[in-house]
Each structure stands twice: as C-alpha cells, then as structure tokens.
Amino acid sequence: MEIQLNPKNRLFLAAVTTPFIIIWMILIFTLIYSHFLFNKISNISEEDLVKYKSLDLDKIAAGRVGFMIKDDTNLNLLLADNYAQKGVLNIEDMDEGMKNKIKEELLGVEENPGGKLKNPVRDFFKAIEFYHKAIISNPLSGESHLKLGILYADLKMNDKACQEFERAALLDPTDAYHQFDVGRYFLSIGEYKKGFKSLKRADSFNFQSLSLSLDLVWEARQSYQDLIEVTPETSPAFLALGGFLLNKGMWSEAVMVYKKAISKDPKNFFLYKFLSSAYEKKDMLDEAIKLWESGIKKNPENPDMYFYLGKIYSKKNELDEALFNIKKAIALSKERVDTKTLVEYHLILGDIYYSKMKDFKKALEESEIVLKLNSTEARGYFLKGLCYKSIDSDPAAMLKSFKKAVYYNPNELQYKIILAETLYIYSLYKEALPEWESIKKFESHEKMAEEKIKAINNAIKEEQRNLLNKIN
Numbered sequence: 001m002e003i004q005l006n007p008k009n010r011l012f013l014a015a016v017t018t019p020f021i022i023i024w025m026i027l028i029f030t031l032i033y034s035h036f037l038f039n040k041i042s043n044i045s046e047e048d049l050v051k052y053k054s055l056d057l058d059k060i061a062a063g064r065v066g067f068m069i070k071d072d073t074n075l076n077l078l079l080a081d082n083y084a085q086k087g088v089l090n091i092e093d094m095d096e097g098m099k100n101k102i103k104e105e106l107l108g109v110e111e112n113p114g115g116k117l118k119n120p121v122r123d124f125f126k127a128i129e130f131y132h133k134a135i136i137s138n139p140l141s142g143e144s145h146l147k148l149g150i151l152y153a154d155l156k157m158n159d160k161a162c163q164e165f166e167r168a169a170l171l172d173p174t175d176a177y178h179q180f181d182v183g184r185y186f187l188s189i190g191e192y193k194k195g196f197k198s199l200k201r202a203d204s205f206n207f208q209s210l211s212l213s214l215d216l217v218w219e220a221r222q223s224y225q226d227l228i229e230v231t232p233e234t235s236p237a238f239l240a241l242g243g244f245l246l247n248k249g250m251w252s253e254a255v256m257v258y259k260k261a262i263s264k265d266p267k268n269f270f271l272y273k274f275l276s277s278a279y280e281k282k283d284m285l286d287e288a289i290k291l292w293e294s295g296i297k298k299n300p301e302n303p304d305m306y307f308y309l310g311k312i313y314s315k316k317n318e319l320d321e322a323l324f325n326i327k328k329a330i331a332l333s334k335e336r337v338d339t340k341t342l343v344e345y346h347l348i349l350g351d352i353y354y355s356k357m358k359d360f361k362k363a364l365e366e367s368e369i370v371l372k373l374n375s376t377e378a379r380g381y382f383l384k385g386l387c388y389k390s391i392d393s394d395p396a397a398m399l400k401s402f403k404k405a406v407y408y409n410p411n412e413l414q415y416k417i418i419l420a421e422t423l424y425i426y427s428l429y430k431e432a433l434p435e436w437e438s439i440k441k442f443e444s445h446e447k448m449a450e451e452k453i454k455a456i457n458n459a460i461k462e463e464q465r466n467l468l469n470k471i472n
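Residue 190 in the UniProt record's numbering sits at position 190 of the sequence shown, and the numbers go up by one each step.
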C-alpha cells in the first residue's frame with residue numbers, strides 16, 4: 001500500500017531531513033580530511049622524519065609525493081636541512097680549489113637548471129630548492145631565508161647570502177633571537193655594518209643578548225667604535241658596555257661611556273657608582289669626589305650619593321667630611337625606614353671609628369646599632385668583638401661576639417682565625433683546637449694551622465704535667 005503525501009507534507013519532510021543529510025556529509029568529509037591532514041603533517045619533527053626514510057628524497061623532489069609537502073614549510077625546511085648537512089659533510093675535507101669549483105658549478109646549475117648532477121653539487125642544489133619551496137609556502141617567515149643564507153655563506157657565495165640575510169632581517173624585525181642570528185652571520189661574511197644593525201636591533205629587544213653581541217664584535221674587529229654601534233642608547237646597555245670595556249683594560253673608553261650615560265640619565269645611581277669605581281681603580285679620588293658632588297646636586301634626596309661620597313673621603317683620610325656625609329646618608333635613610341641600607345651605613349661608620357680614628361667606644365656603639373637593626377648580622381658581632389678586644393674590658397663579651405660572628409657566617413675564614421687565635425691567647429686550648437682543625441681544611445692556611453695545633457697539643461701536655469706535679 002502506498003503512502004500518499006500531499007505537497008505540504010513533502011515540503012516539510014524535505015525541510016527537516018535536508019539539514020541532517022548536509023550535517024552528516026560535513027562530518028564524513030571532516031573525518032576524511034582530518035585523516036589526510038594527519039598523514040600530511042604527522043611527519044614534521046626530525047624524529048618522525050627518520051621513520052619516513054623509506055620515502056626516497058629523489059622521488060619527493062621529482063614530485064611523486066610532492067602533494068604531501070608542497071605547502072608544508074616545516075617539512076620543506078627539514079628536507080632542505082637534510083640535503084644541506086649532507087653537502088657540507090661532503091666538502092669538509094676538500095681544499096679551497098675544489099670548493100671553488102663546486103661553487104662555480106652550483107652557480108651554473110642555478111642559472112641553467114636541468115641535467116644529471118653529482119654530489120655534493122646535487123645535495124646543495126636540492127637544499128636550495130627545498131629552501132625556496134619553504135619560502136613560497138610561508139613567505140612571511142624569515143627562518144627560511146636565514147637558513148638559505150647560512151647555506152650560501154658556507155659555500156662562500158656571499159652576495160647571495162647577504163641578500164637572504166637582508167630578507168630575513170626585514171621579515172622578522174622584532175624577533176630578538178632571529179635578529180641576533182642574522183647579525184652573527186652578517187659578521188661571518190664580512191658585512192659588518194649590516195651585522196651591527198641587526199645585533200643592535202636584537203639587543204634592543206633582548207638586553208640579555210648584548211654581552212654576546214659585544215663578544216662577537218670584539219672578536220671580529222676589536223674596535224671601540226664598533227662596540228658602540230651595537231649598544232642601544234639605554235642605561236643598562238651603557239652599564240654593560242662600560243663593564244665590558246673595563247674587563248678589557250680600556251679604562252678611558254669606559255669612562256667616556258659612563259659619562260655619556262650619565263648625561264642621558266643623570267638620576268641613575270648605578271652609573272655614578274660604576275664611574276666612581278673606575279676612577280678609584282686609577283686612584284683618581286678627586287675626580288670621584290667631583291662626580292659624587294655633581295650627583296648630589298641632581299639627586300639631593302638620594303642617601304647613597306652621600307654614602308659613597310663619604311667612603312671616598314674616608315679613603316683620602318678626610319675623616320670629618322667622611323663622617324658628615326655618611327651621617328647625612330643615615331639621616332635620609334631613616335626617613336625611608338630602609339633597614340638593610342642602614343646596616344651598611346652604620347658598619348662603614350663603625351669601621352671608620354675603629355680603623356681610622358681608633359675611637360673604640362664609638363665603634364662599639366655603631367656595632368650595637370647594627371645588631372639592633374639585624375640581630376643575625378655577623379659583621380656587627382665581629383666589629384663588636386674587635387672593639388671589646390681593643391678596649392680590653394670584657395673578655396667574655398669579646399669571645400661571645402667572635403663566636404656569634406662565626407656562627408652566623410661560618411664561611412668567613414677571617415672570623416674563624418680571629419676566634420681561634422683569641423681562644424689560644426686566653427689559654428682556652430680545648431676550645432681553640434677544633435677551631436684550628438677547621439681552619440686546617442683551607443689549603444691556604446694549612447701550614448699555619450698545623451703549627452698552631454702542634455703548639456696547642458704541647459700546651460695541653462704542659463698543663464697536664466703541671467697538674468700532676470701539683471697533685472704529687
């Protein structure tokens with residue numbers, strides 16, 4: 001029996017079933033295409049490429065399986081890298097004459113492709129071909145141009161290398177790592193100005209690369225002016241360049257860099273600090289004083305400016321000026337409640353009282369202030385112990401202070417030696433012995449410690465003999 005549907009019902013049924021049919025067709029097509037895409041891109045990594053070694057590279061190049069890679073940039077790059085690596089390995093041990101012959105042959109092939117090629121020319125040609133395919137498949141990426149440029153550079157085809165590096169730099173202008181690589185390879189082919197430009201761009205986006213750039217430029221040219229070319233106009237960059245110059249013994253150039261940096265950033269304390277350090281190394285203390293005084297005029301509320309000025313005056317033994325400026329620094333720091341900084345200021349003040357002025361009571365007061373600010377500060381206890389030792393008023397407090405200094409900083413050899421020596425002087429041999437045993441572990445003081453240990457053992461034996469004599 002036939003079921004008769006009127007036109008309205010037929011239209012309704014068609015309207016309901018058609019979307020379901022379309023959805024099912026889309027799902028089936030998606031599954032098929034997903035499977036195709038999976039097969040197409042699953043062999044992108046180098047590890048997976050090894051699994052596909054059964055795919056003959058010549059067949060791929062001939063286009064027999066070209067549909068798999070015609071728009072796959074990563075796979076094109078991997079194939080190109082594979083050919084390039086094979087080609088480079090083949091010419092490693094060749095003399096320059098043979099390398100030039102290969103270069104000329106490759107240039108001829110590029111101009112007139114076709115014909116059967118022999119290795120290593122064949123490998124290089126295939127590498128270039130796949131790099132070009134990668135460029136076509138992703139024309140906005142500089143990586144393919146960079147790798148092609150590196151290959152040309154390896155083949156001493158510097159004009160072509162330069163073109164590719166320029167394109168790579170243009171396509172990825174804000175990628176610091178990419179710009180650094182471009183700059184590095186520009187330097188390798190003697191294109192210094194272009195290399196400096198890329199390196200400076202890289203250093204502007206990634207400050208961490210500046211030290212590497214400075215090393216590269218110095219190795220290539222050993223020129224101060226070229227170092228300036230790759231250094232961005234920023235305070236951190238000038239600090240890095242100044243430090244680099246000082247390490248190379250280029251003191252005058254470092255001073256120029258720091259001065260230039262201060263002119264651009266007159267409130268940057270660290271620029272003054274490093275320039276002052278450069279002056280101090282040359283014993284130019286008057287110049288350092290002028291520097292800090294000019295810094296104070298521009299930064300009158302910065303306590304560190306007064307503190308370092310005071311330290312320079314202390315080195316010149318102008319102690320009244322030293323005390324005045326350090327106390328000024330302390331007064332400004334108190335307003336900011338900077339405990340850590342105050343500890344440093346009071347330690348220096350205490351050292352001036354102790355070492356320069358021999359005012360042990362004032363030095364002791366400073367050590368007490370330090371320990372109120374930080375009860376675990378080993379330097380405060382050590383200064384306190386030295387003051388008690390110099391005043392010679394409280395041996396127990398002195399020993400307690402030295403012991404605490406060692407306790408809070410057990411790696412400071414000076415503290416150990418002073419404690420051990422003091423224990424020995426006060427005939428506390430049993431306490432002194434383990435301290436000297438500990439010092440003996442330091443190779444630089446091994447001989448001295450052995451002599452002290454021997455003397456302590458003899459002293460202990462002498463005490464025992466005297467005790468026996470008293471008993472008898």
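Derived by calculation from the structure, the hints in this document are not laboratory data. Here the structure is a predicted model, which means the values were calculated and not measured. Hints are supplied without guarantee of correctness; some may be wrong.
As the list claims (entries may be wrong) - Pair by pair, the computed Cβ-Cβ distance ranges are:
1. Q464 / Y426: 11 to 21 Å
2. G190 / S235: 29 to 39 Å
3. T174 / E293: 41 to 51 Å
4. E293 / S438: 22 to 32 Å
5. W251 / I136: 22 to 32 Å
6. K297 / E451: 40 to 50 Å
7. S427 / K315: 31 to 41 Å
8. D359 / Q414: 41 to 51 Å
Idealized CB from N, CA, C, for every residue including glycine.
A quick look at each hint next to the structure:
{"no.": "1", "hint": "Q464 / Y426: 11 to 21 Å", "verdict": "holds (18 Å)"}
{"no.": "2", "hint": "G190 / S235: 29 to 39 Å", "verdict": "holds (32 Å)"}
{"no.": "3", "hint": "T174 / E293: 41 to 51 Å", "verdict": "holds (42 Å)"}
{"no.": "4", "hint": "E293 / S438: 22 to 32 Å", "verdict": "violated (46 Å)"}
{"no.": "5", "hint": "W251 / I136: 22 to 32 Å", "verdict": "violated (54 Å)"}
{"no.": "6", "hint": "K297 / E451: 40 to 50 Å", "verdict": "violated (56 Å)"}
{"no.": "7", "hint": "S427 / K315: 31 to 41 Å", "verdict": "holds (39 Å)"}
{"no.": "8", "hint": "D359 / Q414: 41 to 51 Å", "verdict": "violated (22 Å)"}
Comparing the model with each numbered hint stated earlier shows that hints 4, 5, 6 and 8 do not hold.
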